[in-house]
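Q: Chains as they are written, first to last, in our numbering: chain P, 103 to 480; chain H, 103 to 480; chain Z, 103 to 480; chain S, 103 to 480.
Hints were generated in silico from the structure; no laboratory data involved. Since the model is a prediction, treat every value here as computed from it, not as a measurement. The reader is advised that the hints may include incorrect statements.
Claimed, not checked - Computed list of lysine-lysine pairs in DSSO-like fashion (alpha-carbon distance at most 27 Å, straight line):
(1) Z:K393 / H:K147
(2) H:K356 / P:K353
(3) P:K147 / P:K268
(4) P:K166 / S:K393
(5) S:K353 / Z:K356
Protein chains: 4
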Amino acid sequence: MSNGKVRVGILGATGMVGQRFVQLLEKHPDFEITALAASDRSQGKTYSEACTWRLVGDMPAFAKAMVVQPPQPPLDCDIVVSSLPSDVARASEEAFARAGYPVISNASSFRMDEDVPLLIPEINADHLNVLDRQKSKRGFTTGYIVTNPNCSTIIMALALAPLHAKFGIEAVIATTMQAVSGAGYPGVPSLDVVDNVLPFIDGEEPKMESETRKILGRLENSAFENAPFPVSAQCHRVNVADGHMVAVRIKLAKRVSIEEVRDALASYRSVPQELKLHTAPEHPIIVRNEKDRPQPRMDRDAGGGMSVTVGRLFPDNVFDYRFVVLGHNTIRGAAGATILNAELLRARGLLLGKSGAPAQSPAQAPAQAPAPAQARVR
Amino acid sequence: MSNGKVRVGILGATGMVGQRFVQLLEKHPDFEITALAASDRSQGKTYSEACTWRLVGDMPAFAKAMVVQPPQPPLDCDIVVSSLPSDVARASEEAFARAGYPVISNASSFRMDEDVPLLIPEINADHLNVLDRQKSKRGFTTGYIVTNPNCSTIIMALALAPLHAKFGIEAVIATTMQAVSGAGYPGVPSLDVVDNVLPFIDGEEPKMESETRKILGRLENSAFENAPFPVSAQCHRVNVADGHMVAVRIKLAKRVSIEEVRDALASYRSVPQELKLHTAPEHPIIVRNEKDRPQPRMDRDAGGGMSVTVGRLFPDNVFDYRFVVLGHNTIRGAAGATILNAELLRARGLLLGKSGAPAQSPAQAPAQAPAPAQARVR
Amino acid sequence: MSNGKVRVGILGATGMVGQRFVQLLEKHPDFEITALAASDRSQGKTYSEACTWRLVGDMPAFAKAMVVQPPQPPLDCDIVVSSLPSDVARASEEAFARAGYPVISNASSFRMDEDVPLLIPEINADHLNVLDRQKSKRGFTTGYIVTNPNCSTIIMALALAPLHAKFGIEAVIATTMQAVSGAGYPGVPSLDVVDNVLPFIDGEEPKMESETRKILGRLENSAFENAPFPVSAQCHRVNVADGHMVAVRIKLAKRVSIEEVRDALASYRSVPQELKLHTAPEHPIIVRNEKDRPQPRMDRDAGGGMSVTVGRLFPDNVFDYRFVVLGHNTIRGAAGATILNAELLRARGLLLGKSGAPAQSPAQAPAQAPAPAQARVR
Amino acid sequence: MSNGKVRVGILGATGMVGQRFVQLLEKHPDFEITALAASDRSQGKTYSEACTWRLVGDMPAFAKAMVVQPPQPPLDCDIVVSSLPSDVARASEEAFARAGYPVISNASSFRMDEDVPLLIPEINADHLNVLDRQKSKRGFTTGYIVTNPNCSTIIMALALAPLHAKFGIEAVIATTMQAVSGAGYPGVPSLDVVDNVLPFIDGEEPKMESETRKILGRLENSAFENAPFPVSAQCHRVNVADGHMVAVRIKLAKRVSIEEVRDALASYRSVPQELKLHTAPEHPIIVRNEKDRPQPRMDRDAGGGMSVTVGRLFPDNVFDYRFVVLGHNTIRGAAGATILNAELLRARGLLLGKSGAPAQSPAQAPAQAPAPAQARVR
């Protein structure tokens with residue numbers, strides 16, 4: 103950290119989300135990648151040998167000659183961000199946390215654990231308060247684990263958050279049309295989506311139904327209390343490269359006008375915007391009024407891929423309102439979400455690094471002091 | 103009708119649904135096409151000159167040299183089936199009915215009129231009883247108008263029908279993923295669906311929300327009474343050629359087990375099956391238990407395109423059950439639906455032709471006698 | 103063979119081409135499937151347990167309870183047809199041939215061997231005469247190996263055959279746009295073809311360039327002599343489920359009119375048509391004159407998937423003529439090709455079965471007697 | 103031009119290419135849009151009323167309130183850039199040129215006229231010398247017409263240019279796979295490309311075959327002499343949003359090694375790079391060595407959409423070499439091409455504006471002085 107940047111190790115660096123980490127962190131003002139790790143046969147090779155770059159644009163030059171290491175401590179870094187496959191994530195991430203590294207993970211292994219924050223900085227920054235319990239329960243010292251939700255869940259939860267905060271949500275019915283990049287590479291066989299829709303994504307419906315309630319729930323006395331409303335999710339894979347779309351109906355606790363709903367969505371700002379976190383979009387939610395928006399190809403890159411776009415907001419015959427929300431599944435729904443979490447942790451002074459010392463210089467963390475007062479965002 | 107077949111005129115013969123009429127009636131045992139009409143600049147040309155054939159397989163030979171006529175009476179036929187564009191359908195179809203022709207229409211113009219049946223033979227064959235009122239009110243003699251619903255509505259309504267009949271439906275929330283052929287040709291611009299989903303289909307949501315209630319409603323004293331449950335529809339266009347998929351949640355009036363729901367769907371048989379109508383599928387509803395079905399490319403042609411396929415039947419967190427239903431939008435959802443209606447009318451002895459005489463020989467209508475007893479299908 | 107049918111074992115039965123074999127042989131008049139084998143972990147399971155059916159329509163009932171066996175002799179059958187993956191095909195197919203089974207293979211392992219026919223019955227039925235050399239060289243008794251070409255090669259070769267026979271070809275330049283089903287399942291990752299074209303198919307260009315010359319070459323004194331013209335192939339994968347399209351330019355040895363070219367293509371009939379083989383299309387080549395045909399979705403199923411369709415036939419600025427040819431890659435290009443080969447072998451009396459006795463009753467093989475006279479088709 | 107910028111009027115401003123003009127000129131250092139015109143029913147409306155914005159990102163704010171005018175002089179601007187439909191382009195563009203405006207056009211009307219430059223600044227900047235003949239022949243004063251080629255032609259011609267300059271080309275065989283955006287909006291019906299390839303693009307093959315030869319030809323004594331090699335083009339529409347791919351075989355006049363070919367392509371720099379024109383890419387041609395590149399989704403945006411990418415460079419069995427070249431059809435192939443032409447004209451001091459005075463301040467045109475020496479680029 104000679105340059106004052108937090109030194110980051112990427113777990114799962116050769117996968118699609120791992121590549122997004124490398125891309126998004128290449129020119130980050132506060133983070134620099136110092137280690138790449140992967141669980142596959144790429145260990146010992148250079149990143150350029152081990153990894154077929156699958157994002158638009160070229161592999162960042164800095165990463166090409168880095169040697170891919172096993173996803174086990176020690177790694178030469180202050181923190182690790184992880185997009186390991188779920189079958190190896192649990193053991194690897196736990197090992198890093200135990201070895202003193204803050205672990206900021208996109209994997210699903212720990213998301214629903216009772217002492218692990220399922221963090222969307224706009225929504226539940228206060229859930230980080232569970233980390234004391236986590237450390238004490240698991241015997242972690244400087245290390246800990248913070249997760250972000252499933253891709254479609256993040257996108258929907260962002261649209262639900264201001265409505266739940268202002269009006270109270272009583273029920274949510276969500277139907278997704280999800281992009282193929284959500285399954286990584288090789289991921290979805292083309293025969294499943296050419297002239298076709300696949301009405302099944304393994305594990306997705308229960309994830310949306312359970313994670314949403316934890317995200318929008320409360321942390322009371324270091325215990326999570328789920329949001330009190332049920333969520334129903336039907337998930338479909340469509341012939342789209344990037345961009346998850348969710349058709350949503352909501353039942354609200356209060357009678358409110360459609361203008362109030364629209365305003366609550368369009369005016370939504372929260373902790374990342376206040377802290378001016380590097381990856382935070384100016385508008386977490388963009389509301390469009392055209393009759394045929396949002397569309398994946400047109401709206402997925404809004405806000406650098408970190409904004410979600412809401413459209414088709416109408417009163418509903420059965421519930422109160424309906425709308426469609428869309429976001430970039432591998433940016434806001436995965437790699438960008440993890441990085442935004444890291445940025446929040448850094449701003450909160452929680453990136454102590456494995457040495458127990460702050461992983462960034464105080465001068466670069468002006469957001470630390472006021473953080474406690476902002477801890478309760480809802 | 104020298105060969106005992108009902109002589110059919112096609113209105114809108116050059117469009118996509120019109121071409122399906124020509125294809126499906128080519129070898130029909132009880133109907134023969136004797137006139138082709140269209141509203142566009144094709145009048146006076148032969149069908150092969152006027153019409154670029156857009157279905158798999160070649161234009162049927164019998165049709166090639168037929169001259170396309172204006173969609174105005176008289177036409178040399180006993181009945182007309184219509185897929186005219188909605189802007190010209192109303193005047194043209196009314197003119198034919200007034201001139202004495204039974205009009206069996208796929209157009210939307212008359213669907214919601216209070217004296218017009220919105221017919222799905224499996225569901226509401228008894229709605230034909232409104233025809234007396236229609237004739238008297240409009241001063242028709244031998245002519246009348248019978249319509250079939252919108253494509254996505256038919257597909258969903260077939261799955262709802264046995265559930266409403268057995269258990270009572272209290273609410274329906276439907277989210278569609280619809281094929282591009284539903285918009286005809288040229289129809290949906292490719293830029294709207296390549297790597298994209300379009301969350302808007304003009305007029306589709308209100309059609310599904312209103313038509314479903316009329317279809318599943320009751321005819322009492324020659325007046326339609328809507329089914330008492332609300333319907334919410336969100337409609338999307340996806341990159342699929344044929345096959346509309348609908349993700350459905352239902353709230354039922356009774357507590358029933360998932361086995362009862364599955365049995366009600368899988369065992370569904372009704373009037374067209376009893377009458378062995380030529381176009382009727384043996385199984386109006388096919389229930390599949392694989393985790394990833396139905397799929398448009400795999401299931402749209404089930405039952406010759408006249409069956410709908412239900413899968414992903416599960417208990418729902420918010421409503422009682424959820425499932426996905428899929429059907430072929432231009433066969434069961436359009437041309438096949440209209441032809442099945444014509445077959446029912448013929449079996450019921452209602453195809454009198456413009457002369458007032460039966461448009462088929464009595465010997466070919468064995469289903470007529472028992473028809474009254476079967477009139478109330480629900 | 104109690105019912106007089108040839109008893110067939112399928113090697114690679116669980117793959118996409120293996121499933122096509124099962125589908126195409128279900129109601130075959132002369133063949134019946136008596137054994138299913140696969141190289142993967144499905145051995146010992148029933149076919150319905152081992153195999154996720156990926157073709158439109160349901161798995162044939164007869165196959166469901168059959169137990170999948172290892173692809174090693176003995177199998178309870180007279181002949182084997184194979185679509186094994188190329189890495190296991192060589193050893194397995196050789197073992198079956200050595201054990202006395204005629205092996206009719208879609209795999210690439212033996213295609214270019216100097217004693218193995220690369221058979222397209224319309225083009226080079228006389229190449230079967232190499233089998234004597236094959237048996238003697240390899241020490242086979244009743245067994246032998248016959249192969250069919252690569253999918254895109256078959257489709258192009260059918261269009262080249264009548265032109266080479268009548269006018270002589272001097273050079274061929276071919277550019278393909280190939281369907282994803284050609285790579286099997288899971289095959290091509292959807293991210294490679296959504297809003298994309300992949301300009302690379304492993305091994306395809308050299309296959310087209312070498313196989314074409316063997317197919318259209320001559321068998322002289324039991325030695326293959328390649329056709330004397332060079333072939334250039336550039337191969338691309340496009341977002342199409344089924345149907346390979348090839349844009350072709352040809353340089354001919356003679357100056358001929360475009361009408362002569364069209365007639366040579368459209369009038370093409372050969373051995374399978376003369377023998378009325380069950381799977382043989384009436385027209386191996388269909389020539390269409392519309393400006394925008396052939397198209398995969400419209401033309402791939404022509405002739406039950408066994409015809410190829412030629413269109414866009416024009417004089418060329420650089421070579422003599424150009425055209426586009428399209429065919430169904432998993433039917434004419436794979437499973438149907440293998441079965442047509444089996445039908446030819448049966449008609450020629452070459453299906454002796456592993457016992458050395460004819461694998462079909464003489465009464466069912468009327469084509470045997472005249473076969474020698476027809477042996478030289480070109 | 104109070105701020106020293108050239109004042110631009112857009113003809114065809116509401117179409118897809120017109121929207122690209124608006125997008126690309128929004129922040130241009132040397133041009134500003136001062137008039138919008140269109141031939142359709144949008145005249146008299148504001149641009150935001152008249153135009154459904156179909157590009158990713160929002161309509162530039164500056165354009166929203168501008169009123170769309172008829173495409174007839176006078177317009178309040180120094181020059182016009184045009185993407186009018188070809189049926190109206192000829193009369194409108196001629197009228198502007200006659201009225202004194204430099205007309206820089208993407209339309210096809212004048213491309214092949216014997217006194218009109220068909221300009222690609224990297225290739226034939228010297229063709230601008232024909233403008234004197236044009237003005238004198240047509241009686242233009244300060245006005246003139248400069249065109250850019252068809253989209254697929256530009257992309258291919260860029261790859262051919264250095265090879266023709268260094269080695270001499272003797273023949274070209276090109277097979278295209280073109281994106282749907284090339285046809286504008288609504289353009290290609292989705293039914294034509296879902297699970298399909300369309301082997302026909304109206305007028306495209308003759309355009310590629312004739313325009314290429316003019317572009318790569320010579321201007322001698324104010325007369326164009328076509329490049330002496332024949333071009334064969336087969337054109338196909340595939341299910342891709344943006345990015346035209348061309349599979350190319352070339353026959354060269356000299357025997358050269360593949361390294362020489364690769365170097366000629368990769369090292370290509372020309373007039374726009376020397377003049378540092380704002381829209382000029384640093385590398386007009388990017389050569390990639392991966393086995394599966396270029397791909398439309400991965401490579402179309404290279405160089406801001408102004409570079410073309412070459413890959414799959416191999417010796418060819420029939421001709422000398424083959425390769426695949428890909429470029430962004432609406433940027434390098436249309437709007438960006440027109441703007442680059444405008445930038446070259448400005449740098450050459452040829453944007454006199456309708457008043458006959460330079461349409462830019464001398465201080466902003468440092469490239470003018472050395473321009474004559476660079477006028478002959480080949």
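Q: Hint check: K353 (chain S) vs K356 (chain Z), CA-CA at most 27 Å. Holds or violated?
A: Given that 27 Å is the threshold and the Cα spacing comes to 22 Å, the pair holds.
Q: Is the hinted pair K393 (chain Z) and K147 (chain H) satisfied, with a Cα-Cα distance of at most 27 Å?
A: holds, 20 Å
Q: When you check the alpha-carbon spacing of K356 (chain H) and K353 (chain P), does it fall within 27 Å?
A: The given pair, whose Cα atoms are some 22 Å apart, holds under the 27 Å limit.
Q: Given the hint that K147 (chain P) pairs with K268 (chain P), test it: the Cα-Cα distance must not exceed 27 Å.
A: violated, 52 Å
Q: Is the straight-line distance between the alpha-carbon of K166 (chain P) and that of K393 (chain S) 27 Å or less?
A: holds, 19 Å
In summary, the one numbered hint that this structure violates is 3.
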